[in-house]
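Peer 1: The chain contents come next:
Protein chains: 2
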Amino acid sequence: MRFTSQTSSDGVTEQFFHLDEIPGVLWTPEDARGTRPLILLGHGGGQHKTAPGNVSRARRYAAGGFAVVAIDAPHHGDRPQDDEFGRIAAGLRAGLAAGEDPGALVAGMHGCLAPRAVADWQAVLTAVQRLDQVGVGPVGYCGMSMGCGLGLPLIAAEPRIRAAVLGLLGVHGLAEDAARITVPVRFLVQWDDQLVPRDQSLALFDALASTEKTLHANPGGHGDVPLFEVDSSRRFFARHLG
Amino acid sequence: MRFTSQTSSDGVTEQFFHLDEIPGVLWTPEDARGTRPLILLGHGGGQHKTAPGNVSRARRYAAGGFAVVAIDAPHHGDRPQDDEFGRIAAGLRAGLAAGEDPGALVAGMHGCLAPRAVADWQAVLTAVQRLDQVGVGPVGYCGMSMGCGLGLPLIAAEPRIRAAVLGLLGVHGLAEDAARITVPVRFLVQWDDQLVPRDQSLALFDALASTEKTLHANPGGHGDVPLFEVDSSRRFFARHLG
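Chains H and A, in that order, give the protein sequences. Under this note's numbering, the first residue of the first sequence is numbered 15, with each subsequent residue one higher. Under this note's numbering, the first residue of the second sequence is numbered 15, with each subsequent residue one higher.
In case anyone wonders, no lab produced these hints; they're calculated from the structure. Nothing here was measured: the structure is a model prediction, and the numbers come from that model. Yeah, the Cβ is synthetic: ideal placement off N, Cα and C, and Gly gets one too. Among these hints, one or two may not hold up.
Stated by the list, open to error - On the chain A side, residues computed to face chain H include the following (Cβ under 10 Å):
(1) D191
(2) V203
(3) R249
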């Protein structure tokens, strides 16, 4: 794990790193020492590890005492896009333009990325927990939209993750992974989501095997999750990982 | 307004009162002085002002600095049941036993009670805000199930109410009142509610005209709202009335 920069502001330290070919960012409380809960923060499709919503959320969590790590998903952000992925992405755009079922198209894209994304997260989790200011504490995962689509197979495969904030995605291609998830889940739905039909969102919430799961639905489109849900999710993680 | 008893424990003062023929309870922080936000707390059908869930919620709100007032709904608790109400209640039970639509039956019952309940709440609100330890501060309403069914016409009619926690009820008979409500609403749904079909709950949430409204859905039956929703609703009221 190779750190490439470190800055601190407003009580939060931000460190960019590479783990092999995976570019990432770690946020911790300034002058943090010793073990603390860690949140893995997945980004949305076409976005990257330092998308504004990600950074704002990460800094709020870190200001609350958490360590937070984000990485670029395969073929996103600072990672190379190979030709095969370019063809898949072009196929997705063409399918959407042609009026094909967005749920199926998006699920196909996520299915291509998931095996690599799961392996990346597992390696990053192990590496980050070796740092003195993180340690082997309880772990949560937070990801919406593509971050949910790549997070579900990760959480299903990874017993170290003990709570998750997910949402903004439908059930397409994810029912089996959801049925293997038993940790507490907060699941966000945008009531007027132009990308995810409401019934497919509700079906994904239904499919989670967790006995403690709460759906939060707010008016507005895919990108309109209200800011108070970020603070609410921080309290959710504090309750389950604190 | 005639107070009949006063006790204090765990930092909360509980005072029973009568306002004309309306029996009620007021909870305030012990030794409270001056104006504070007030929560009107409606109880469920067949229950009463000091049902255990009501008292527990009221004490948590009051410990957080709120004044909380609960009254017995018409024909409930310490209030007389007249013969007409007895016939209506028997008709509801018979209809449920005969497999009639519970939404329509329950809406009929709530429709009978609502005009009296709205007038009672308006009188109690005015009287309670004259007390030194309450004052004319911001007001919220909290009620589930029948407390929601009687609360919606109240909130639609009462501009002093600025935020509400509602839920555990379907849209039957309430769409017009819901369309007149514009204050922030937290709306609770029990995902496996044996009394309220899920689609009718979602339709009532849909019908609210509020631009800020959040639906929280949790697994379990009508009576299984998790305790963390009580603390979450206290923060909701603090955000909007604090």
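Peer 1: All hints are to be evaluated individually against the structure, with a verdict given for each.
Peer 2: Against the structure, the hints come out as follows:
For D191/A, the interface hint is violated, since its Cβ never comes within 10 Å of a Cβ in chain H; the closest pair sits about 19 Å apart. The restraint placing V203/A at the interface with chain H holds, with a minimum CB-CB distance near 8 Å, inside the 10 Å limit. The beta carbon of R249/A is positioned within 10 Å of a beta carbon in chain H (closest approach about 8 Å), and the interface hint is therefore held.
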